[in-house]
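Undergrad: Those sequence lines, one after another, are chains A and B. Mapping of the first sequence onto my numbering: position 109 corresponds to residue 109, and the numbering continues sequentially without gaps. Mapping of the second sequence onto my numbering: position 28 corresponds to residue 1028, and the numbering continues sequentially without gaps.
No lab work stands behind these hints, which were simulated from the structure alone. Even glycine gets a Cβ: it sits at the ideal position worked out from N, Cα and C. Each hint should be verified, as a subset may be incorrect.
So the derived label-pair ranges between C-beta atoms look like this [claimed, not checked]:
no., chain 1, residue 1, chain 2, residue 2, range
1, B, A1231, A, R152, 44 to 50 Å
2, B, R1333, A, A100, 39 to 45 Å
3, B, E1121, A, H274, 55 to 61 Å
4, A, K210, B, D1107, 39 to 45 Å
5, B, Q1349, A, D48, 26 to 32 Å
6, B, T1122, A, G36, 52 to 58 Å
7, A, R209, B, A1252, 31 to 37 Å
8, B, R1333, A, H274, 46 to 52 Å
9, A, G68, B, R1015, 27 to 33 Å
10, A, R209, B, A1231, 17 to 23 Å
11, B, K1140, A, Y25, 27 to 33 Å
12, A, G153, B, G1093, 50 to 56 Å
Computed far set for chain B versus chain A, every beta-carbon distance over 10 Å [stated by the list, open to error]:
no., residue
13, E1114
14, D1128
15, H1133
16, T1134
17, G1334
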Amino acid sequence: MSKASGKTVKALPGALEARSAPKRYYTLADIAAKAGVHVTTVSLALRDHPSIPPATRARIRDVAKTYGYQRDPLLDALNFHRARRNQQARVVGSAFVVHASTTRLFGGNHYQPLVYAGAKAAAEARGHTLDIFVVGPGHLAPARLNTILNARGISGVLLSTFEIDIEQLSLDWAQFCAVKIECLHLTPHLDAISNDQLQVSRLAMQQLRKLGYRRIGLATAREDQTRLAESFGMGVLIEQASLPEAERVPPLFFGLAEVPQLPSLIPAWMRANHVDVIISNWAELFDTFATAGIRLPEDVAFACLDIPPSMPHVSGVVQNHRLVGLRAMQQLAIMTDAYQRGIPEAQTITYIPGYWQNGITAPQKARRWVV
Amino acid sequence: MNPLPPKDSAAPFRRPTLKDVAREAGYHITTISLALRDHSSIPEKTRKAIKEIATRLGYQRDPVFHALSRFREQGCVRGPSPRIAYLENFGAGSGRVRPGHMQAMLDGARRQAELLGYQLETLAVGEDDHDTHTLTLYLKQQQITGVVLASFSPGFAEIALNWDDYAVAKIHSRHTEPEATVVGNDHIREVRLAFSRLSALGYKRIGLAVGRADEDACGHRHTAGYLMEEASIPPKRHVPPLLFPYNIDSEAVAGMIARWVRRHQVDVVLCNWNSIRDMLESQGLRVPGEVACACLCLCDPCPPGLAGIRPPLHLLGERAISIVVAQLKTTERGAPECASSIYVQSVWQDGESAPGRP
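Just chain B, with the same shape it has in the complex:
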């Protein structure tokens, strides 16, 4: 005989139902249902009393169940799938194109959402797109309660929804609210992995060049990994990391990197921009003859022959969706009391931009 689980364990959280409200209020369940939908057949005073009780008990109409009952009423025809909002702030409304790494995340998120039976709707946040007010209205109108903040860039538009109404997860976006579960690639380990691989290849003066905005969004984890590696090499081989400022064009960045390479005799540049090789060559530095380079975020379309770290970016999207769906299923809302961080591990890829040195 199979033993039954012990009954005395703590009762799991149960969401209050219409029945609970009915019991508390002393009306029939249909009265409650009508009252909460503001039906005119129920006296206004009663409606108000019932609404107060419902609020006190924490009764909330759940869009997932709402859709389910609509589906049952309408027989065997499936209603539209519930949606999850995928928010981005890179400036789609101002005509900017989604960068390759964000496209990879989005692809993973979309696949996972569809696998779990949801539709993913990308929504742009920005000066020419949604702001907090219009976004709140739109989500409410469309009954969207699951939200992913996808790799928000610091320095661009931000939003402040009433997070307690939503199931939410973030991809990077550490600089902005809410304090929700964060999914990211593990920059500390990536920099350390790249560093040890480049050391093994014979490089002596390894320099880290990353954008300040990227650092703010990921919690300064590139520089953290670099500091850790630097601590184990003699001081004369230290190269101060180069952090380029917010909203800077790639030509200016190329100039900064070239000056820094020459000044500190960097023999290999570790950069999170895919265009690192072009930037170096545009400044008259031969790759890999004068300086080698490796990218910390290889993603397709990727310049051929570029060495570096290949993070499984599609998994970031996938995990973020899984987290939101798990919350939607259990009707949890808002940021958790203790927000955890989830890091996906990456692999190194050799390339002719950073060949072995004699």
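The shape of chain A in the complex, shown without the other chains:
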């Protein structure tokens, strides 16, 4: 008879469950059984995946709440480490979207390759792939990009280098997890990662004062001021607030159309304000100095606010473009893991600080001995 009773138990697992103590720990499978859906549906619904109808998501959430189902941080951490060890197991694709008018930024001295390299490194560390897509005239139209991303199952989007004249990018944002790199002006207001231009210009002012400079002049393009929410100018203004009146140099803001006149504009501004060191995010000013016959650092010292990697001899601040890309991708990965799609309820902006580099264009100022 014992044989028969064994069979009965096997055939009726529910009977055993009913007799045992009530469950203290509910898994996804339990919730799936209670809700009458597949376990993968529960998983997606609890992560707010758009592929599950909102009504179903709400119902499943209620069931989960009733039984006290909770995501387990231990298994979460374990999964993370398993995914890192076995990368082939889970390939997630993300897109690095750039605008057609800025593809030049990928060549020469520009910072864009650094941003991309950082993002790529972070993507690979998590087993994601990262592909570049170019939108704009002569390349993909936004609607086409939308279709391609969908077809490839790409839900993570990094937006980079959309210049000030591009006001918006229309994708169906509800489908994507997206993070902007710089381009704060671009709508929609997605979370963004940016260099901390305010900290950069403050750091330059502080370091140059330590080196003995007293009349520090900022020269930058008006368009840059608009694009970067006036942060270079603001940093200078904050530092100047604690300086004596005689050491506050009014910044030189020029329009992009005025660039050919810089060889005359810069010397005039220098003379009028007795500038002893120029700070600027424009490494191109070296050409201007050459044309105008200005000698560095004899006539004026120079500190670059965004030193390109090819100029390790220049004084100034190195902006951490690689880290910007890295952090952007890390944040995107967190969002794709949690299915946080669409435009956030409140935008957050992450700022990455730069660091000072000593160079020959702004040496320590010799002390003047008064005899």
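Add chain B to chain A, keeping to what the hints say.
TA: What follows is chain B alone, placed relative to chain A:
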């Protein structure tokens, strides 16, 4: 066919495991496990040698995995959730009540922690609460390795943990160590937004009144935003910002603000204290008849009709927890080499304390 990711990319950081220590030391993995737990069955000399190798390789017992294996041993009964410490220094032990804005941050942090499966434990730092020594002991005992420094006020007690042992994020608290990732609301943009909104409403003499302690904790970002706006208006409309000193009672602040309003003919006061309207009225200034006012940090419970900026404070808590959890998951510890700042954006809210002017 799906292309596999390239294999030649830089190998991601892998935390050393017991196996790595075993390979290096030439003992079996169980020996290593026992030795690192100081089991008496392993000769003392061997224990010491193994511990040295483990330290050299950077092996660390991870509380998250420790809890996981305990959970596996004990079958289907879930152990207690791992905890994250939420440190505050406003003086709970001395009987002070948590201010409204800090409660909003805490609520957001707690919700996010629970969503991710952690428990949030609030710990008070201060003269009558934990100091560095007792806190270190407590965290160690409880195996808590995730820490949030929640809006520490300058001028109150501070702590100096060995930060390399913890996953850590800060909410504001810029004046104190460690140099960790900071989450905050964007005071520069908030002041600028308020300024431009009040200008559009017809105000001409906009004055900024904030506490020096708040300024030190947020990196002087209120005054920075104000300076920027001031630069674009004629000098005769400039009003010097009023910074009231540390640890001052609200009656004294009200007096300072009233004298400053009268002296500089301020027509609207921008203040980060919720009680700005009461303070002005207590000094015999009619709001908005004689002077209008707006608050830079509206949070519930909020006086009705007060205009100002409403920062999404719960998001500060949420983001801080997300950052700590991401570090716990990847077993990163200590402050990052380059600490970034994360700012949550706020919105303006009109109110009858600052109506439009003809």
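Undergrad: Next step is simple, just say for each hint if it's right about the structure.
TA: Here is how each hint holds up against the structure:
Hint check: B/A1231 to A/R152, Cβ distance near 48 Å, so the stated range 44 to 50 Å holds. Distance hint for B/R1333 and A/A100: a CB-CB separation of about 43 Å, consistent with the stated range 39 to 45 Å. At roughly 59 Å, the beta carbons of B/E1121 and A/H274 sit within the given window of 55 to 61 Å. With their beta carbons about 44 Å apart, A/K210 and B/D1107 fall inside the hinted range of 39 to 45 Å.
Distance hint for B/Q1349 and A/D48: a CB-CB separation of about 28 Å, consistent with the stated range 26 to 32 Å. Taken as a hint, the range 52 to 58 Å is violated for the pair B/T1122 and A/G36, whose Cβ atoms sit roughly 40 Å apart. Separation of A/R209 from B/A1252 is about 36 Å and conforms to the stated range, judged on CB atoms against 31 to 37 Å. The hinted window of 46 to 52 Å between B/R1333 and A/H274 holds, with their beta carbons roughly 50 Å apart.
Separation of A/G68 from B/R1015 is about 32 Å and conforms to the stated range, judged on CB atoms against 27 to 33 Å. Look at A/R209 against B/A1231: about 21 Å separates their beta carbons, and that is inside 17 to 23 Å. For the pair B/K1140 and A/Y25, the beta carbons lie near 28 Å from each other, so the given range of 27 to 33 Å is met. At roughly 53 Å, the beta-carbon separation of A/G153 and B/G1093 lies within the given 50 to 56 Å, and the hint holds.
Against the 10 Å criterion, B/E1114 falls within the reach of chain A, whose nearest CB is about 8 Å from its own CB. Every C-beta of chain A lies more than 10 Å from that of B/D1128, the closest at about 32 Å, which supports listing it as non-interface. Here B/H1133 stays apart from chain A, with its beta-carbon at least about 29 Å from theirs, past the 10 Å limit. Even its closest Cβ contact with chain A, about 26 Å, leaves B/T1134 beyond 10 Å, as expected for a residue assigned away from the interface.
Non-interface call for B/G1334 relative to chain A: holds, since the shortest CB-CB distance, roughly 17 Å, exceeds 10 Å.
The earlier numbered hints that this structure contradicts are 6, 13.
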